[in-house]
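Sequences listed follow chains A and B, in order.
Going by this note's numbering, the first residue of the first sequence is number 1, and it counts up by one from there.
Going by this note's numbering, the first residue of the second sequence is number 1001, and it counts up by one from there.
Please keep in mind that the hints were generated in silico from the structure rather than gathered at the bench.
The list that follows gives simulated cross-link-like pairs (lysine-lysine, DSBU-like), each with its CA atoms no further than 30 angstroms apart:
hint	chain 1	residue 1	chain 2	residue 2
1	B	1011	B	1317
2	B	1202	B	1322
3	A	174	B	1152
4	B	1019	A	94
5	B	1019	A	90
Small disclaimer: the values here were computed from a predicted structure and weren't measured.
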Amino acid sequence: MKFKSSLIVLLLVWSIMPLLWQLYTSFSTDQALVTPFAELSERWTLDHYRNVISSDPPFFMYLANSFFVGIISTLLTLFVALPAAYSISKLSRKTSNYVRVILVACALFPYVLLFLSLLELARTFSLGNNLIALALPYTALSQPLAVLLLSSAFVSLPSELDDAARVEGLSLIKRFRWIYIPLLSPAIASTAILIFLFSWNEYPIALTWISDNSKLTLPVAMARIAGSSIHSVPYGAYAAATVLGAIPLILLVIVFQKPIVSGLTSGAIKG
Amino acid sequence: MTLVLKSVGRKVGHNWIVKDLNFSVRQNECLVVVGPSGCGKSSTLRLIAGLDRCDHGSIKIDDRDITNLQPSERAIGMVFQSYALLPHLTVYENLELGLRVRGMRAEQRARRIQNILDIVQLSDRPNHLPSALSGGQRQRVALARALLRDPKVYLLDEPMSNLDAQLREKIRPELRSLILSQEKPTLYVTHDQNEALAMATKIAILNNGQIEQLDTPFNVYHNPQSLFVAQFLGRPQINCLKVRNNTIDAVRPENLTISDSGLPCRLLAREWLGNTQLLYLDSDEGELRMTIDPSFVCPERIFVQWDKSKVFHFDAKTGQRKSFH
Chain A
1 MKFKSSLIVL
11 LLVWSIMPLL
21 WQLYTSFSTD
31 QALVTPFAEL
41 SERWTLDHYR
51 NVISSDPPFF
61 MYLANSFFVG
71 IISTLLTLFV
81 ALPAAYSISK
91 LSRKTSNYVR
101 VILVACALFP
111 YVLLFLSLLE
121 LARTFSLGNN
131 LIALALPYTA
141 LSQPLAVLLL
151 SSAFVSLPSE
161 LDDAARVEGL
171 SLIKRFRWIY
181 IPLLSPAIAS
191 TAILIFLFSW
201 NEYPIALTWI
211 SDNSKLTLPV
221 AMARIAGSSI
231 HSVPYGAYAA
241 ATVLGAIPLI
251 LLVIVFQKPI
261 VSGLTSGAIK
271 G
Chain B
1001 MTLVLKSVGR
1011 KVGHNWIVKD
1021 LNFSVRQNEC
1031 LVVVGPSGCG
1041 KSSTLRLIAG
1051 LDRCDHGSIK
1061 IDDRDITNLQ
1071 PSERAIGMVF
1081 QSYALLPHLT
1091 VYENLELGLR
1101 VRGMRAEQRA
1111 RRIQNILDIV
1121 QLSDRPNHLP
1131 SALSGGQRQR
1141 VALARALLRD
1151 PKVYLLDEPM
1161 SNLDAQLREK
1171 IRPELRSLIL
1181 SQEKPTLYVT
1191 HDQNEALAMA
1201 TKIAILNNGQ
1211 IEQLDTPFNV
1221 YHNPQSLFVA
1231 QFLGRPQINC
1241 LKVRNNTIDA
1251 VRPENLTISD
1261 SGLPCRLLAR
1271 EWLGNTQLLY
1281 LDSDEGELRM
1291 TIDPSFVCPE
1301 RIFVQWDKSK
1311 VFHFDAKTGQ
1321 RKSFH
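Working from the sequences, and respecting the hints, build out all of it.
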């Protein structure tokens, strides 16, 4: 028991240390960062946050851009993945297993390999510098994982609910409205958060599709902050941007903690 | 009102899971379909409900062919084994959903739901979630949902299988009188033969997707037409004697009596069952089961006999009843 607890504490420290270090860095003066053990008159500062927030364009615009792209790609992905997952759950076991294997293969495919062709598509169809268009590749790339997660959730629903609804005369759309979406809300919430996280953190496609400064998403903007000087790396500003960028995600996870956990474990335990 | 099935069949892959079903259920009749697991009981119900497609034959309610209609267009009310109540909706909302989908106005919905809740004695629980109800109450909500449709035919798929034995016995007469008071044809599926005998006005014994016998509960028990039916109905199971001249003789355990002469038997084991006791006997005719007064102290060696008129004769190859005149 003691060993187990120690292991858990060790894992927690291992996971949380980089975050704490980032937080420490964001509030430390540049001098404190390079001489961590020296006696300094000014060790703590809010300058990094002030600089990041008051930059041009303002940092919150990047947050808003990322949020916008994240919401659009999450909604689009769910809109396509929910019916697809429902259909897969209605296939025969053999066929649905084949489909799932293909989906797993797609989910595991390194998407970075696609980015040149995606860039070509963006050029051909003039999709560059458009945040809604940026959500399209995110939607496509999130599909396999979303369909896999949601189809497992659909399988866990008792088929008699569907049968009873058909006898009552509920159309497929009404069944989604009254049965599937409410009952699968934990799985939908956890899938939505995974999609949102992917789009929030995505870098290569955002870098190549968006060049307009006012439309940059967070990862690209942060990379620009990190590379803003050729003489040094602005660790403090970069850390402040990271902390600010992480706050919405942490809030999201705290708010949806319960559905995320129950969604990720749905189907794991026979109820 | 009459439900008529003509030559109904359903195929899955190359196998007929239900084949050549022919029967009718009239108004005020409760036909109980009974049989072992996988014999096609629930499939029959699903075919009538329109939840599965018929590969052969036709289903009619009165003279209206419903074979190819959608489930909601068939005028059936169905109670499912798991009750299929939506866990996130209250009792009232569960009942209201179907009416709302059918476009009924709010005041009319409220009136009808109140009426039905009174009938199923749940008028004090309209705002409870299904999780806050007992098994029996959930079953009544499921039944209320079926009643609300004012259907022409009731279909009940093992509606008591999720209840404990005591509750099942308590609810059985209530359910039976409620169903029969509706004066509609009712098809009731169960694997529990006691329930089948108690609920039925007629029983259909299903085996491998086909009806072995369809008759009144009394006739099915006392006049089985096949060895399968004789063995399936009645606990303890009927005794099958040694095969002679391609004939299997079978006699029910309650028809064996202890006497001074007859078939010599050795006591193997006894089970005291409260109102009776069950003896397991070894004899030249094979192992026999016999029920007897619970207070009787059985010696190790006894003689057993039976009334010849209580013996059923079955063809050893086909399992069909033989009649000896």
